[in-house]
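Peer 1: Here are the chains, one letter per residue:
Number of protein chains: 2
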Amino acid sequence: MIALDAHGADRGAATVLAGARLSGVPVRVFGPAAELEVPEPEGAVELVDCPIAVGSDEEPARAVRARPEASIVRAAVAVGEGHAEALVSAGPTGAALAASLFHVKRLRGVHRPAIAALVPVPGRPTLLLDAGANAEVRPEHLVQFAYMGAAFMEAVHGVARPRVGLLSIGAEAGRGTPGVVAAHERLAAGQLDFVGNLEGHDLTGGVADVVVTDGFTGNVALKTMEGTARTVVAAIRAAVRSGAVSTVGGLLIRKPLVALRRELDPNAVGGAILLGLRSVVVIAHGGSSDEGIAAAIRLARRAVDERMVERTAAALDAGDALRSVPAGSVAGRHD
Amino acid sequence: MIALDAHGADRGAATVLAGARLSGVPVRVFGPAAELEVPEPEGAVELVDCPIAVGSDEEPARAVRARPEASIVRAAVAVGEGHAEALVSAGPTGAALAASLFHVKRLRGVHRPAIAALVPVPGRPTLLLDAGANAEVRPEHLVQFAYMGAAFMEAVHGVARPRVGLLSIGAEAGRGTPGVVAAHERLAAGQLDFVGNLEGHDLTGGVADVVVTDGFTGNVALKTMEGTARTVVAAIRAAVRSGAVSTVGGLLIRKPLVALRRELDPNAVGGAILLGLRSVVVIAHGGSSDEGIAAAIRLARRAVDERMVERTAAALDAGDALRSVPAGSVAGRHD
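Protein sequence lines correspond, in order, to chains A and B. Numbering-wise (our numbering), the first sequence opens with residue 1 and increments by one. Numbering-wise (our numbering), the second sequence opens with residue 336 and increments by one.
These aren't lab readings, by the way, just hints derived from the structure by calculation. The hints are all genuine.
Cβ pair distances, simulated, as ranges:
1. B:A649 x A:E69: 56 to 66 angstroms
2. B:A524 x A:A61: 21 to 31 angstroms
3. A:E172 x B:G444: 26 to 36 angstroms
4. B:A495 x A:E172: 41 to 51 angstroms
Ideal placement from N, C-alpha and C gives every residue a C-beta, glycine not left out.
One chain only, chain A, in its complex shape:
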């Protein structure tokens, strides 16, 4: 059973409910019954009436604390209390993050959960984290992100031994902020298949399965990729339309362009995933269609079935990346 928050999606609660039906997965929807028509019998989808929401203009932690009846809070509580296995929301990211921290809770020994997102470009998938949960990080956070991201790619995408890179502004080990340099040292001495520093152009180059960075840089990089891809596709369409051979050329290019747009479409991916929590939490794109919501639900289901959380905890432990292990403890190292 997946707990689904129906509030806060750009296309409204009805689209979220439609996505739940489309997914084919058992889902409990927390949303405004008055706005939704649930035919009886509904099969795999049940609705819990929950008219109260947390808005995107509110300070998330405060709103989540103040409003226990809000849909995102009730959905997170359902997961925290074991009535549902995973949480999915297309509402404000901050609210989902705050509700998850309070009610789903962090894995023991995890400093900070991170938002992990697949890079929206064609080809082999690359996971980028943190994509915005933590604007500032310490080296030990980056190290945990690396283990968490690798465990996700192994569990959910079947990548046998994920190659992990650290985003920086030069390939050499000494390049970047002091925090990045310190994280590089620890990752180079650790258990992962660490490929070293990567630069911005490597995000789309397929040279790593996991790219680790702070939430400020990761968020900017992800949105920069989305914007650039959109701009380039639009420029090609405009160029094709403008030429002398344009009409025929435009017709011939239409199909590949549509296919590419689908590959770049965040709806296809399903959403970002919060790593470092005691259960699976998926944050669907705010602008998700019903298909986008369905993909997010299936992603959550798959992460549960593949025991992502348990494997993440085991990977952090095996890599000595948990908070309870004193930093620099030689005795605790597996090397």
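Model the placement of chain B on the given structure of chain A, informed by the hints.
Peer 2: Frame of chain A, contents of chain B only:
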């Protein structure tokens, strides 16, 4: 007269020299005479024999201090002593930055020079800074970058009143790191046409003429744009080639794709510019062709002719953004 460092370019000193000839601008080239053929009379281009270089694998500040005979140092000294008006290099960025700091020197009251680069996407040009000179910055640095970038766009690109944005991870004033939030406050209270926080997708959206960020995020964002544009263009070419109508479609699309590739080509822009120094310094793309070098030289010439440095100093002064003005001094504010 422009001082040109001929060492360190990916395609060798001969390409740099060819670019100097191509530019049509008087240039003094500091490079290895043994590798170069300079026919007599050479006209606008003169060669100073300078066989010693600073490599990209060296610690820049140390190498620049230790090797006064290196080409980048001699070229920077020529500018600092007034024998040349601007410096152009396609060698390692760190070496050009260090040599400029030591010998061209900062403008009085400037905390840190910044690397400013035009975003490589079609449409109206957007300047991004810092693109990598300062991995970590304080709010007052970001404020200076804003004034410096606006002055450049006004002087060199003729933008009457540049719109300036601050890169962050949310549009609201309170989003981002504490440093970004503090810079936002100062810019909102300042003299510029400040459009507030921008996000990654805005870099290609044409919503600002200048986008300000720290050198870590800016470097990652710029390289992410380059990589994404390249990947998307390649995906479209592959898609066109693969279909049933592929051959005809491929022929028809070839011209617009080539045109787009030219627009995305760093060689067309000429290079990044160092702002906050007492003279113009242009850092050409390391992989520049002779045309790329020529464009970089013309960019430097134009920045000198348009009195970019003087206008930058005046803009920083008018905006009370210089270091000599105590922060928070109410008496000094022009409001």
